[in-house]
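Residue numbers for the sequence shown follow our numbering, beginning at 157 and rising by one.
Keep in mind that a hint or two might mislead.
[To be verified] No farther apart than 30 Å at their CA atoms in a straight line, the calculated lysine-lysine pairs in the DSS-like style are these:
{"hint": "1", "residue 1": "K598", "residue 2": "K613"}
{"hint": "2", "residue 1": "K501", "residue 2": "K560"}
{"hint": "3", "residue 1": "K503", "residue 2": "K534"}
{"hint": "4", "residue 1": "K617", "residue 2": "K587"}
{"hint": "5", "residue 1": "K208", "residue 2": "K276"}
{"hint": "6", "residue 1": "K641", "residue 2": "K629"}
{"hint": "7", "residue 1": "K327", "residue 2": "K766"}
{"hint": "8", "residue 1": "K351", "residue 2": "K729"}
{"hint": "9", "residue 1": "K554", "residue 2": "K503"}
{"hint": "10", "residue 1": "K400", "residue 2": "K766"}
{"hint": "11", "residue 1": "K400", "residue 2": "K455"}
{"hint": "12", "residue 1": "K311", "residue 2": "K740"}
None of these hints come from the bench; they were simulated from the model.
These figures come from a predicted structure and were not determined experimentally.
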Amino acid sequence: MKMSARLRDCFCTFVKQGSCGVLIVLAAVSVSPLQAAEKEPDQQQIQFFEAKIRPLLIKHCYDCHGEDTQESDLRVDTFKGIAQGGKAGSLIVPGKPEQSLLITAVNYQSNDLQMPPDEKMSKEEIADLTNWVKMGAPYPNADLSLLRAPSDKGKYDLEKEREFWSFQTVKKPALPEVQQKSWVKNPIDQFVLSKLEQAGLTPARPADKRTLIRRTTFDLTGLPPTPQEIENFLNDSSPDAFEKVVDRLLASPHYGEHWGRHWLDVARYADSNGLDENVAYGTAWKYRDYVVNALNKDKPYDLFLKEQLAGDLLEPAKDVVERNERLTATGFLLLGPKVLAEVDKTKMEMDIIDEQINTIGVSLMGMTLGCARCHDHKFDPISANDYYGLAGILKSTKIMESYKTIGRWNENSLATEAELKAQADWDQKIKAEEDQIAALVKSENERLQTEGGKEFKLPKKPEASYSKEVQAKLKALRDQVASLKKERPEVPTAMGAAERETTDVPIHIRGSHLTLGETVPRHVPVVLSQQPQNPFPEKQSGRLKLAEWLTSREHPLTSRVIANRVWRWHFGKGIVATPDNFGKLGAKPTNQPLLDWMAVTLMDEGWSLKELHRLILLSNTWQMSSEFNAQAATVDPGNRLMWRVDVRRLDAESIRDSILSVSDGLDPALGGSLLNVGNREFVFNHESKDGVTYDFNRRSIYLPVIRNHLYGMFMLFDYSDASVLNGDRSATTVAPQALFLLNSELVEEASHRMAESILHQTALSPEQKIQELFLKSYGRQPSEREVSKSLHFLEELEKELQATEADSEKRITRSWQVFCQSIFASSEFIYLR
Numbered sequence: 157m158k159m160s161a162r163l164r165d166c167f168c169t170f171v172k173q174g175s176c177g178v179l180i181v182l183a184a185v186s187v188s189p190l191q192a193a194e195k196e197p198d199q200q201q202i203q204f205f206e207a208k209i210r211p212l213l214i215k216h217c218y219d220c221h222g223e224d225t226q227e228s229d230l231r232v233d234t235f236k237g238i239a240q241g242g243k244a245g246s247l248i249v250p251g252k253p254e255q256s257l258l259i260t261a262v263n264y265q266s267n268d269l270q271m272p273p274d275e276k277m278s279k280e281e282i283a284d285l286t287n288w289v290k291m292g293a294p295y296p297n298a299d300l301s302l303l304r305a306p307s308d309k310g311k312y313d314l315e316k317e318r319e320f321w322s323f324q325t326v327k328k329p330a331l332p333e334v335q336q337k338s339w340v341k342n343p344i345d346q347f348v349l350s351k352l353e354q355a356g357l358t359p360a361r362p363a364d365k366r367t368l369i370r371r372t373t374f375d376l377t378g379l380p381p382t383p384q385e386i387e388n389f390l391n392d393s394s395p396d397a398f399e400k401v402v403d404r405l406l407a408s409p410h411y412g413e414h415w416g417r418h419w420l421d422v423a424r425y426a427d428s429n430g431l432d433e434n435v436a437y438g439t440a441w442k443y444r445d446y447v448v449n450a451l452n453k454d455k456p457y458d459l460f461l462k463e464q465l466a467g468d469l470l471e472p473a474k475d476v477v478e479r480n481e482r483l484t485a486t487g488f489l490l491l492g493p494k495v496l497a498e499v500d501k502t503k504m505e506m507d508i509i510d511e512q513i514n515t516i517g518v519s520l521m522g523m524t525l526g527c528a529r530c531h532d533h534k535f536d537p538i539s540a541n542d543y544y545g546l547a548g549i550l551k552s553t554k555i556m557e558s559y560k561t562i563g564r565w566n567e568n569s570l571a572t573e574a575e576l577k578a579q580a581d582w583d584q585k586i587k588a589e590e591d592q593i594a595a596l597v598k599s600e601n602e603r604l605q606t607e608g609g610k611e612f613k614l615p616k617k618p619e620a621s622y623s624k625e626v627q628a629k630l631k632a633l634r635d636q637v638a639s640l641k642k643e644r645p646e647v648p649t650a651m652g653a654a655e656r657e658t659t660d661v662p663i664h665i666r667g668s669h670l671t672l673g674e675t676v677p678r679h680v681p682v683v684l685s686q687q688p689q690n691p692f693p694e695k696q697s698g699r700l701k702l703a704e705w706l707t708s709r710e711h712p713l714t715s716r717v718i719a720n721r722v723w724r725w726h727f728g729k730g731i732v733a734t735p736d737n738f739g740k741l742g743a744k745p746t747n748q749p750l751l752d753w754m755a756v757t758l759m760d761e762g763w764s765l766k767e768l769h770r771l772i773l774l775s776n777t778w779q780m781s782s783e784f785n786a787q788a789a790t791v792d793p794g795n796r797l798m799w800r801v802d803v804r805r806l807d808a809e810s811i812r813d814s815i816l817s818v819s820d821g822l823d824p825a826l827g828g829s830l831l832n833v834g835n836r837e838f839v840f841n842h843e844s845k846d847g848v849t850y851d852f853n854r855r856s857i858y859l860p861v862i863r864n865h866l867y868g869m870f871m872l873f874d875y876s877d878a879s880v881l882n883g884d885r886s887a888t889t890v891a892p893q894a895l896f897l898l899n900s901e902l903v904e905e906a907s908h909r910m911a912e913s914i915l916h917q918t919a920l921s922p923e924q925k926i927q928e929l930f931l932k933s934y935g936r937q938p939s940e941r942e943v944s945k946s947l948h949f950l951e952e953l954e955k956e957l958q959a960t961e962a963d964s965e966k967r968i969t970r971s972w973q974v975f976c977q978s979i980f981a982s983s984e985f986i987y988l989r
């Protein structure tokens with residue numbers, strides 16, 4: 157075949173942007189040939205090949221895939237070459253033209269795979285090729301064994317694959333022996349100390365109380381401790397003083413706001429679809445508030461997951477509030493980015509399903525299941541068969557209301573009976589008015605017809621012939637209908653999933669819905685199913701069964717993954733350094749016994765995340781200082797063994813919230829939406845300008861998250877990319893961050909507010925004012941040297957301002973404002989020890 161440069165490799169190396177996130181070469185999915193291909197071809201079939209197929213191959217294919225040239229490693233002038241195919245495997249599945257790459261290519265079914273590239277074959281030639289494959293691809297003197305694809309059953313040695321550490325059922329390990337027993341407060345310390353002693357290391361000394369309460373308050377709430385909270389802790393000499401701090405912070409509503417944000421990273425939360433049209437997810441905030449409330453109530457993690465996957469399928473709720481919570485929770489399945497103007501509607505549906513499978517796999521199981529859309533997973537024992545077993549569950553789930561451009565996602569009604577009745581009553585009013593209009597139009601038309609006689613034909617727009625009185629009455633009625641529709645009470649809704657017709661999905665060969673293989677019953681990945689799975693229910697999607705399987709004690713991944721995430725969000729790095737990948741390409745755990753002990757303990761404690769927090773925070777491991785140890789750094793430079801607590805930078809939200817908090821500008825209101833764009837409306841106007849505003853003093857979790865156009869401050873400080881889930885945010889240090897802290901409107905306003913506030917405290921001396929600012933901002937008192945240098949800085953700055961500002965009061969305010977701004981820009985303000 158003659159090919160353009162663009163399509164030179166497409167025929168056998170069908171390349172696309174796969175769900176793995178990189179350009180990948182797609183392999184053919186193995187499908188067993190029909191019996192027709194296992195029999196010797198008869199003479200009539202051979203004659204058909206010689207008369208119809210060989211000349212066609214010579215005409216269109218031999219130039220590029222013959223004896224002299226084999227582009228993409230494909231040769232079609234021999235049966236062996238056809239059977240083996242090129243880099244993507246065989247061109248044909250004997251007896252199944254609908255599954256054969258060759259037939260897909262010549263039919264121009266895909267924009268990316270059209271052969272011959274210069275001109276499509278004639279209908280007769282395509283029909284001949286199709287019939288040839290349907291016959292079983294008869295070929296003179298062919299070795300038919302070359303066409304027999306290997307059985308899927310032999311692809312993976314499941315028992316051997318299940319020996320991989322993360323695929324084994326989690327069991328509670330015995331506590332290790334340690335020498336320094338006095339250091340151990342709880343089993344976490346015992347596991348950590350055991351590893352340190354094996355490496356010849358000792359843990360760092362304990363952190364001082366000021367450092368500890370600052371670190372812990374930020375860690376649990378994302379906000380700095382107040383001077384009064386610090387003072388109370390310093391003055392509490394009881395043995396359980398720190399335990400009381402932890403319990404107070406876990407009971408704070410700000411706990412759910414901060415830890416909810418961690419989960420939203422994993423749930424790829426956003427307030428817009430982000431692709432093509434970028435339409436507002438106007439009710440997504442209800443899912444965000446569900447997450448915050450669930451964490452504050454310490455909803456058991458297993459129930460938390462069940463509600464998000466199948467809240468609409470759980471046993472009847474005890475009341476409307478619980479019902480609405482569950483319906484809102486299923487928004488988890490809908491929050492991902494979507495191309496809502498995709499021309500190919502089937503592709504749109506499968507792309508959405510693919511995004512859901514990948515999200516469920518990575519967020520809940522730490523598995524890159526999406527890699528199996530186009531081919532069996534290259535590294536983990538997840539087959540295409542497993543992938544499409546999961547795809548059937550989600551295809552049986554209503555996610556979209558319509559796939560027509562612009563696609564509309566599903567929203568579940570959260571209305572009470574009273575709200576529905578009020579809306580129905582309103583609809584009745586509208587109908588009554590519309591009935592009057594219809595009756596009046598009918599009456600007038602009949603009058604015109606009567607007056608015009610038998611030969612009279614009503615004009616296309618007969619109303620112009622109505623009496624002036626009737627026209628006026630129609631206008632009044634229509635104005636009334638328009639007014640009623642405008643004032644019609646809307647019932648509350650939330651993005652969420654629902655059931656639809658149950659279906660199983662065929663394997664999409666090379667990931668394309670245009671080339672379908674055998675249909676796969678809905679099931680979960682077999683390598684993770686230690687016991688045979690019962691068939692999924694015929695009249696239910698299977699989401700509830702999937703959720704129950706994920707949260708069963710026998711499941712090897714779910715409890716490990718969340719225990720590791722919690723550890724990572726506390727310490728800045730996970731026991732498994734790749735919290736989103738527990739597969740073979742992921743990092744091995746630095747302390748698997750500790751991870752497994754926490755995972756089992758989490759389940760034993762009723763899946764309570766707050767109890768897991770308490771265990772971690774009340775350990776000596778958490779309460780260590782960040783003191784540097786040269787010997788330990790030589791042995792373990794990455795601090796993988798936890799010989800100290802790492803110094804960490806605050807995340808973007810905590811930096812912003814802290815600036816507002818210490819300047820007394822933070823609005824503590826909980827929940828609700830700050831998105832000023834209506835549901836399903838375009839985020840950008842006709843000039844591609846974003847109309848979303850961010851000038852609120854609410855906590856950062858409530859600011860709109862617009863895909864492809866994040867709030868600038870968030871982007872600067874390594875906020876999560878909402879287009880993909882992320883359980884492992886990075887923390888960079890780049891020049892624009894410093895420029896933001898020196899020049900941004902946020903910092904300018906906050907520092908001005910802080911300066912005015914401290915200056916109004918006239919009873920305080922300048923030294924005391926500096927002490928007050930240090931305590932609010934850093935949680936500590938300044939040294940004498942710091943006070944002296946601060947006073948000198950203020951003096952010098954006021955002198956400089958004399959040249960441009962005659963008003964002494966304004967000079968003083970400006971000097972203190974710059975001083976406050978320097979506090980916000982300091983490393984101590986945005987880093988935790």
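Okay, the hints, checked on the actual structure:
1. K598 - K613: 15 Å, holds
2. K501 - K560: 7 Å, holds
3. K503 - K534: 24 Å, holds
4. K617 - K587: Holds. K617 to K587 sits at ~23 Å (cutoff 30 Å).
5. K208 - K276: 17 Å, holds
6. K641 - K629: Roughly 18 Å between the alpha carbons, so the hint for K641 and K629 holds.
7. K327 - K766: 21 Å, holds
8. K351 - K729: Given that 30 Å is the threshold and the Cα spacing comes to 17 Å, the pair holds.
9. K554 - K503: It holds: about 16 Å lies between the C-alpha atoms, which stays within 30 Å.
10. K400 - K766: 14 Å, holds
11. K400 - K455: This hinted pair holds, its Cα atoms lying about 21 Å apart.
12. K311 - K740: Measuring from Cα to Cα gives roughly 17 Å; hence the hint holds.
No hint from the list above goes unmet by this structure.
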